[in-house]
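Q: Next come the chains, spelled out residue by residue.
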Amino acid sequence: GESVGLHLPTLSVQEGDNSIINCAYSNSASDYFIWYKQESGKGPQFIIDIRSNMDKRQGQRVTVLLNKTVKHLSLQIAATQPGDSAVYFCAPREDSSYKLIFGSGTRLLVRP
Amino acid sequence: DAGITQSPRHKVTETGTPVTLRCHQTENHRYMYWYRQDPGHGLRLIHYSYGVKDTDKGEVSDGYSVSRSKTEDFLLTLESATSSQTSVYFCAIQGNYGYTFGSGTRLTVV
Chain A
262 GESVGLHLPT LSVQEGDNSI INCAYSNSAS DYFIWYKQES GKGPQFIIDI
312 RSNMDKRQGQ RVTVLLNKTV KHLSLQIAAT QPGDSAVYFC APREDSSYKL
362 IFGSGTRLLV RP
Chain B
388 DAGITQSPRH KVTETGTPVT LRCHQTENHR YMYWYRQDPG HGLRLIHYSY
438 GVKDTDKGEV SDGYSVSRSK TEDFLLTLES ATSSQTSVYF CAIQGNYGYT
488 FGSGTRLTVV
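These protein sequence lines map, in sequence, to chains A and B. Oh and the first sequence: position 62 is 323 in the numbering used here, straight run, nothing missing. Oh and the second sequence: position 87 is 474 in the numbering used here, straight run, nothing missing.
By construction, these hints were calculated from the structure, which means they are not laboratory data. Hints are not guaranteed to be accurate.
Said to hold, decoys possible - Simulated pairs of lysine to aspartate or glutamate, EDC-like, Cα-Cα distance not exceeding 20 Å:
(1) B:K398 <-> B:E466
(2) A:K303 <-> B:E466
(3) A:K332 <-> A:D310
(4) B:K457 <-> B:E446
(5) A:K360 <-> B:E466
(6) B:K440 <-> B:D460
(7) A:K332 <-> A:D278
(8) A:K317 <-> A:E300
(9) B:K398 <-> B:E414
(10) A:K332 <-> A:D345
(11) A:K360 <-> B:D425
(12) A:K360 <-> B:D460
(13) A:K360 <-> B:D443
(14) A:K329 <-> A:D278
(15) B:K457 <-> B:D441
(16) B:K457 <-> B:D425
(17) A:K329 <-> B:D441
(18) B:K444 <-> A:E355
(19) A:K360 <-> B:D449
(20) A:K329 <-> A:D316
(21) B:K440 <-> B:D425
(22) B:K440 <-> B:E401
(23) A:K360 <-> A:D310
(24) B:K444 <-> B:D425
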């Protein structure tokens, strides 16, 4: 089945610096990928998504890069702010099943 | 949270008792999901539904059943709660922009 791994369980960055959160996935049939942010005591919130026919997508202060060759995603957050402190999950989806599979998440800590 | 509500928000129950969690959406979306979240495991899919009376199992379905008699409601039932089912349960709907999650139900089985 699908497995999702995250390279760093905790990432600590200085306020104002850029953050990069990495995610590896195993199922080459995954065609759609979503990044979620989860703050303490809340449900996951959609940040940005990307389809498998793209290799880059930009949002407000966030960029997702997809490398299908090595089955790797990254989430880049520009000018990281204290409000970005949270756990971040990548979630690949298989189009045929409409199921999202989550990894254990990366905790982002922003130092003032 | 974008038309999705979970109830109750918190529940404490005894081992062996039945428990039903409710997820309600106002968005008329076809796909609904139940996940559980435990420390070190992220979110794991329990069951999902792709329409009224159409459901399927996820990764961790043992000990859980679901029902969807109306588009707007997706119920998760623990027939006989066990301590291993202590967790935070999230419902999600598949909308136009990814999946939207509810605020969660914290269930404690004592």
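Q: Given the hinted pair K440 of chain B and D460 of chain B, is their Cα-Cα distance within 20 Å?
A: holds, 11 Å
Q: Please work out if K329 of chain A and D278 of chain A have their alpha carbons no farther apart than 20 Å.
A: violated, 27 Å
Q: Taken at face value, is the distance from the CA of D460 of chain B to the CA of K360 of chain A at most 20 Å?
A: holds, 19 Å
Q: Holds or violated: are the alpha carbons of K360 of chain A and D425 of chain B at most 20 Å from each other?
A: holds, 19 Å
Q: Compare the distance between the alpha carbons of K303 of chain A and E466 of chain B with 20 Å, and conclude whether the hinted pair is satisfied.
A: violated, 26 Å
Q: For the pair supplied as a hint, K329 of chain A and D316 of chain A, is the alpha-carbon distance within the 20 Å limit?
A: This hinted pair holds, its Cα atoms lying about 8 Å apart.
Q: Between the alpha carbons of K457 of chain B and D425 of chain B, is the straight-line distance 20 Å or under?
A: Distance ~29 Å between K457 of chain B and D425 of chain B Cα, so the pair is violated.
Q: When you check the alpha-carbon spacing of K329 of chain A and D441 of chain B, does it fall within 20 Å?
A: violated, 32 Å
Q: With a cut-off of 20 Å on the C-alpha distance, tell me whether K398 of chain B and E466 of chain B pass.
A: holds, 15 Å
Q: Quick one, are K332 of chain A and D345 of chain A close enough, alpha carbons at most 20 Å?
A: The hint is violated at about 25 Å.
Q: So if I understand the rule, the pair passes when the alpha-carbon distance is 20 Å or less; does K360 of chain A with E466 of chain B pass?
A: violated, 24 Å
Q: Is it true that the CA of K360 of chain A sits at most 20 Å from the CA of D310 of chain A?
A: holds, 15 Å
Checked against the numbered hints above, the structure violates hints 2, 4, 5, 7, 8, 9, 10, 14, 16, 17, 21 and 22; every other hint is satisfied.
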